[in-house]
Amino acid sequence: MEIFSYSLAMLGTVAFAVTAVLASSKQGIALFGACVLGIITAIGGGTIRDLTLDVPVFWATDLNYIWVGLAASIATFVATPFFKRKLIHSLMLYIDGLGASLFAIQAMDKVSELQFAMPVGPILLGVITAIGGGVTRDVLAGRKTLIMTRELYATPVLLGCILFSALSHIFPEHRATWATICIAFIFGIRSAAIYWKLSVPDWLMTKTAEDEDH
Amino acid sequence: MEIFSYSLAMLGTVAFAVTAVLASSKQGIALFGACVLGIITAIGGGTIRDLTLDVPVFWATDLNYIWVGLAASIATFVATPFFKRKLIHSLMLYIDGLGASLFAIQAMDKVSELQFAMPVGPILLGVITAIGGGVTRDVLAGRKTLIMTRELYATPVLLGCILFSALSHIFPEHRATWATICIAFIFGIRSAAIYWKLSVPDWLMTKTAEDEDH
Amino acid sequence: MEIFSYSLAMLGTVAFAVTAVLASSKQGIALFGACVLGIITAIGGGTIRDLTLDVPVFWATDLNYIWVGLAASIATFVATPFFKRKLIHSLMLYIDGLGASLFAIQAMDKVSELQFAMPVGPILLGVITAIGGGVTRDVLAGRKTLIMTRELYATPVLLGCILFSALSHIFPEHRATWATICIAFIFGIRSAAIYWKLSVPDWLMTKTAEDEDH
Chain C
1 MEIFSYSLAM
11 LGTVAFAVTA
21 VLASSKQGIA
31 LFGACVLGII
41 TAIGGGTIRD
51 LTLDVPVFWA
61 TDLNYIWVGL
71 AASIATFVAT
81 PFFKRKLIHS
91 LMLYIDGLGA
101 SLFAIQAMDK
111 VSELQFAMPV
121 GPILLGVITA
131 IGGGVTRDVL
141 AGRKTLIMTR
151 ELYATPVLLG
161 CILFSALSHI
171 FPEHRATWAT
181 ICIAFIFGIR
191 SAAIYWKLSV
201 PDWLMTKTAE
211 DEDH
Chain X
1 MEIFSYSLAM
11 LGTVAFAVTA
21 VLASSKQGIA
31 LFGACVLGII
41 TAIGGGTIRD
51 LTLDVPVFWA
61 TDLNYIWVGL
71 AASIATFVAT
81 PFFKRKLIHS
91 LMLYIDGLGA
101 SLFAIQAMDK
111 VSELQFAMPV
121 GPILLGVITA
131 IGGGVTRDVL
141 AGRKTLIMTR
151 ELYATPVLLG
161 CILFSALSHI
171 FPEHRATWAT
181 ICIAFIFGIR
191 SAAIYWKLSV
201 PDWLMTKTAE
211 DEDH
Chain D
1 MEIFSYSLAM
11 LGTVAFAVTA
21 VLASSKQGIA
31 LFGACVLGII
41 TAIGGGTIRD
51 LTLDVPVFWA
61 TDLNYIWVGL
71 AASIATFVAT
81 PFFKRKLIHS
91 LMLYIDGLGA
101 SLFAIQAMDK
111 VSELQFAMPV
121 GPILLGVITA
131 IGGGVTRDVL
141 AGRKTLIMTR
151 ELYATPVLLG
161 CILFSALSHI
171 FPEHRATWAT
181 ICIAFIFGIR
191 SAAIYWKLSV
201 PDWLMTKTAE
211 DEDH
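Chain order of the listed sequences is C, X and D. So the first sequence is numbered by the UniProt record's numbering: it starts at 1 and just counts up by one. So the second sequence is numbered by the UniProt record's numbering: it starts at 1 and just counts up by one. So the third sequence is numbered by the UniProt record's numbering: it starts at 1 and just counts up by one.
These are computed hints drawn from the structure, not numbers from a lab. Be a bit skeptical, because a hint or two may be false.
A pair holds if it fits inside one copy or across any two, identical chains being indistinguishable in the list.
Once the Cα atoms are required to be at most 25 angstroms apart in a straight line, the calculated DMTMM-like pairs of lysine to aspartate or glutamate come out as [stated by the list, open to error]: (1) Lys144 to Asp54; (2) Lys84 to Asp109; (3) Lys86 to Glu173; (4) Lys26 to Asp202; (5) Lys84 to Asp202; (6) Lys86 to Glu151.
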C-alpha cells in the first residue's frame, strides 16, 4: 500500500512537471526556465505547506521528488512535440488531476497528525498543497492564475478535502477508506471536467465588468 | 482594552476580505477564488511576518481570523451589489484603512517583544503585516501591486511605524499611548487620502518613461 | 579575506538595489515602492533560502544589508539621471553580476555546512539566493520574470553552482580555491553576456507558439 501510494506520488510529480513545461512552452522558454517551472509546480505546494507547518521541507529528506521533477522537465523540454501529442497530453492532464487529489489528501493526513489549526488547517493546507505549485508557476510565468480562471480544478479539491475532514471526524475508524474514496471523488470530478470541458458554472461566478458596469 | 482591540482586529479582517472581493469581482471571479483572495488579503501579511519571525502563524491558534475572513468573503460574493453601494463601499475603505493601521502597530509590538532585528525589524514587519496580504492578492489576481501605484496607502503606514518606533524609544513608559496615537495618525492620513482622493505627490515619484526617454 | 568577501557582499547589495530601482524607474514609481523593490531585490533571495533552511534570516543579525540596500535605493531614486549614465549603469550591471556570483557560492557554503538535502540542496538554494530577489522584484513590479526571458543570467549561475559542487566533492581539500574559481567563472560568463549582449541560444529554447502552432 505504502509503495503504491509512493508510486502514485512520483507519477503525480511527473505529471505536474510535464504539464507545467507544456503550458509554458508556447511562450518560448529556455531550458533553465523549463526546469524551474517544472520543479516548482511539482514541489511548490508541499513546500508552502511545510513552511507554514514549520516542519522540514519534504523534498529535503527525499530528493526523488527533485530528481523526478527535473527529469520530467528536461524530457518534456527535449521532446515537446511528443508530449504535445493529443493522447499523451490528455493522459498527462488526467494524471495531473490524480496527483492533485492524492497530494491534497496526503497533506491532510500530515497536517492532522500535527494537530495544526484543527479542523480548518488540514483543509486549508490540503488545498494549498494541491494547487500552490501551479499558482506559483502561473505567477512566475506571468499568466492568469488558477484562482482567477473558471477552470474546475481547485473547487473539486476543496470539496474533496471538506468531505474527507467530515467523514474522518464522524467515522474516525475508517480513515484509510475515506482517504481512498475522497481521492477518487476529486479525481472523478476533475476527470469529468477534463473530458466534458466543464468549467465553474455561472451561478458560482461574480458578474464580469461588462455585465455590471453601466 | 484587550477586547476592544480584538474587536477592531476582527472588523479589520472583515474590511480586508470585503475590499479584496470587491476589487476582484469586476474581473469575474468564481466563489473559490473570491474566498482565496479574501482570506489571503486578511491573513497574508501576518503570515509572512510570522514565517519571517519563525513563530507559529497567528491564525493557527485563533481560527476566528479564518472564519471571519471566509464569512466576509462569501457574504461579499453573494451580495456584491449591496457591498458595492457607495456608502457601504466607502465605509469598507475606511475600515480597511483602520485595519491596516491597527495591524501595523500590533505587529510592531509582537516583533519588539521578540527583539527581532531591532530597531529595523518592527518597522519592516509592521509595514509587511499591513500591506503584505494586499500585495499577495494583487499578484494572484494579476493586478498592478500597491507598490507600483500612486495610492497613498503604504507610505502613511511606513511613516506611522517610524513615528511609533521613535516615540517608544524616546519615551518608553508611554508605549500604549504612542500606539493609539500612531494608529490614529496612519488612519488620519489614509482617511484624508480616501476622502480627498489624494495620491503620492509628484516629487515622491520617479519620472515616467514618457517624461524622460528622449 | 573575510573582510574582502564582506565588502564584496555589500557592493553586491548596492548593485542589486541600484539596478532594481533603475529597472523600475521607467514605470514611474514612488519613493516607497523604490525602497521596497531595492531592498527586496537585495535581500529576497537570501531570505527565501533561510526560510527554506529554517534558520534565522541573515539580515536579522546583520542590519547592514538593510541599511545599505535602503541607502542605495534612496540614492538611486534621488539621483536617477546620474545612475542612468551609460558608464555608471554599465558598472552597476557588472557589479550586479559579481554580486550574484558571490551570493550563490556563499549560499552553497552555508547550505553545505548544514548538510541540507545534499547534494542537490546547495545547488538549488545557491541559484535561489542569487536570483530569488530579482524574480520577486519582477513579480511585484508586474514584469516578465528572469525565468521567462532569454537573458543569460540564471544559467551561468546554475552552471557555476554545479561546477563548485562537483569540484568540492572530488577535491574537498581545495574548497576555498574552487569557490574563488567558480565565482570568477559565473562572473566571467555574465560579463561576456553583458558586454556582447549574449542571450540564451536558440537550441536551449522551446519553439514559440508562432513557430509551432499550425
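Between the shortest in-copy and the shortest cross-copy C-alpha distance, which are at most 25 angstroms for Lys84 and Asp202: within, between, both, or neither?
-> Only across copies: Lys84 and Asp202 sit 20 angstroms apart there, 31 angstroms inside one copy, limit 25 angstroms.
With 25 angstroms as the alpha-carbon cut-off, assign the pair Lys144 and Asp54 to within, between, both or neither.
-> neither (29 angstroms within a copy, 31 angstroms between copies)
At 25 angstroms max between alpha carbons, let me know whether Lys26 reaches Asp202 within a copy, between copies, both or neither.
-> between (29 angstroms within a copy, 14 angstroms between copies)
Tell me, please, which holds for Lys86 and Glu151 at an alpha-carbon limit of 25 angstroms: within, between, both or neither?
-> Result: close within a single copy only, 19 angstroms intra versus 32 angstroms inter.
Up to 25 angstroms between alpha-carbons, please classify Lys86 paired with Glu173: within, between, both or neither.
-> neither (43 angstroms within a copy, 53 angstroms between copies)
Homomeric proximity label, Lys84 with Asp109: Cα distance no greater than 25 angstroms | neither (35 angstroms within a copy, 40 angstroms between copies)
In summary, the structure is inconsistent with hints 1, 2, 3 from the numbered list given earlier, while agreeing with the others.
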